[in-house]
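Could you put together the complete structure from these sequences and hints?
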Amino acid sequence: EPEVTQTPSHQVTQMGQEVILRCVPISNHLYFYWYRQILGQKVEFLVSFYNNEISEKSEIFDDQFSVERPDGSNFTLKIRSTKLEDSAMYFCASSEENSYEQYFGPGTRLTVT
Amino acid sequence: QKEVEQDPGPLSVPEGAIVSLNCTYSNSAFQYFMWYRQYSRKGPELLMYTYSSGNKEDGRFTAQVDKSSKYISLFIRDSQPSDSATYLCAMSVGLGNTGKLIFGQGTTLQVKP
Chain D
1 EPEVTQTPSH QVTQMGQEVI LRCVPISNHL YFYWYRQILG QKVEFLVSFY NNEISEKSEI
61 FDDQFSVERP DGSNFTLKIR STKLEDSAMY FCASSEENSY EQYFGPGTRL TVT
Chain C
1 QKEVEQDPGP LSVPEGAIVS LNCTYSNSAF QYFMWYRQYS RKGPELLMYT YSSGNKEDGR
61 FTAQVDKSSK YISLFIRDSQ PSDSATYLCA MSVGLGNTGK LIFGQGTTLQ VKP
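Which chain is which? The protein sequence lines are D and C, in order. All the letters of the first sequence, read from the start, carry residue numbers 1 to 113 under the numbering used here. All the letters of the second sequence, read from the start, carry residue numbers 1 to 113 under the numbering used here.
Take the hints with a grain of salt, since some may be wrong.
DSS-like cross-link-like pairs, simulated, lysine-lysine; straight-line CA separation at most 30 Å [to be verified]: (1) Lys42(C) <-> Lys2(C); (2) Lys67(C) <-> Lys42(D); (3) Lys42(D) <-> Lys2(C); (4) Lys78(D) <-> Lys42(C); (5) Lys57(D) <-> Lys2(C); (6) Lys42(C) <-> Lys57(D); (7) Lys42(D) <-> Lys42(C).
Some chain D residues well away from chain C (every beta-carbon gap over 10 Å; in silico) [what the hints assert, rightly or not]: (8) Gln64; (9) Arg69; (10) Lys83; (11) Val112.
In case anyone wonders, no lab produced these hints; they're calculated from the structure. Glycine included, every Cβ here is placed at the ideal spot set by N, Cα and C.
Here it is, written out as structure tokens:
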């Protein structure tokens, strides 16, 4: 069964450093998303991406964040200068065109020290 | 008022019990309703997807949407210890939307053998 994959599973970084979180969505999916979940809190929407551009972003997704689909399979989330409060699980999700069913990856746990 | 509200529990039931999980919401524009299951430190797994009002059944799971009351439910029949997880409701606005999901807090369920 096709699934969304994410790497790395755990990333530890120092405050102020740049991190790139990687995702491989399901191959025939066209919509891509990033969500985050701070420990003990709700899953929160960050950004949606379609046709090589951002469709919608939340207020969390400020200038420190960017997304990219560098090739036909990968989808990345970059945080330019990490802050302590960026520590969270980051989930990538994807869906088919004209579908609201989103399939999530296993997540990357980001720890900022 | 929070956009999506869900009792975090925990909810503890004996094996074989019928479980009822619920969410309320305030945004009448929501049309797509999902239930996800999340095991500890894993990604959300899509269980059920419903459009608009009504019931949908899949094996031991039944999803119910009452748009007039802004209330959705997930019923689990013959609950098993393997059903022990956190159950997240999620919702999306309809046509023209970018697919952004709004999640509830999640209800932690424990099914005791």
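Verification of the hints:
For the suggested pair Lys42(C) and Lys2(C), the alpha carbons sit about 25 Å apart, so the restraint of at most 30 Å is met. Taking the CA atoms of Lys67(C) and Lys42(D), the gap is near 23 Å; set against the 30 Å cutoff, the hint holds. Our distance criterion of 30 Å between C-alpha atoms is met by Lys42(D) and Lys2(C), whose separation comes to about 12 Å. For the hint pairing Lys78(D) with Lys42(C), the CA-to-CA distance comes to about 21 Å; that is within 30 Å, so the pair holds.
Among the hinted pairs, Lys57(D) with Lys2(C) is consistent with the structure: their alpha-carbon atoms are about 19 Å apart, no more than 30 Å. For the hint pairing Lys42(C) with Lys57(D), the CA-to-CA distance comes to about 24 Å; that is within 30 Å, so the pair holds. Distance restraint check for Lys42(D) and Lys42(C): the Cα-Cα separation of roughly 14 Å lies within the 30 Å cut-off, and the hinted pair is therefore satisfied. In this structure Gln64(D) is separated from chain C by more than 10 Å, as the shortest Cβ-Cβ distance comes to about 20 Å.
Once the 10 Å rule is applied to beta carbons, Arg69(D) is consistent with being away from chain C; the minimum gap is 16 Å. The Cβ of Lys83(D) lies farther than 10 Å from every Cβ of chain C, with a closest approach of about 22 Å, so its non-interface assignment holds. Listed as a non-interface residue, Val112(D) keeps its Cβ farther than 10 Å from every Cβ of chain C; the least gap is roughly 18 Å.
The structure meets every hint from the earlier list without exception.
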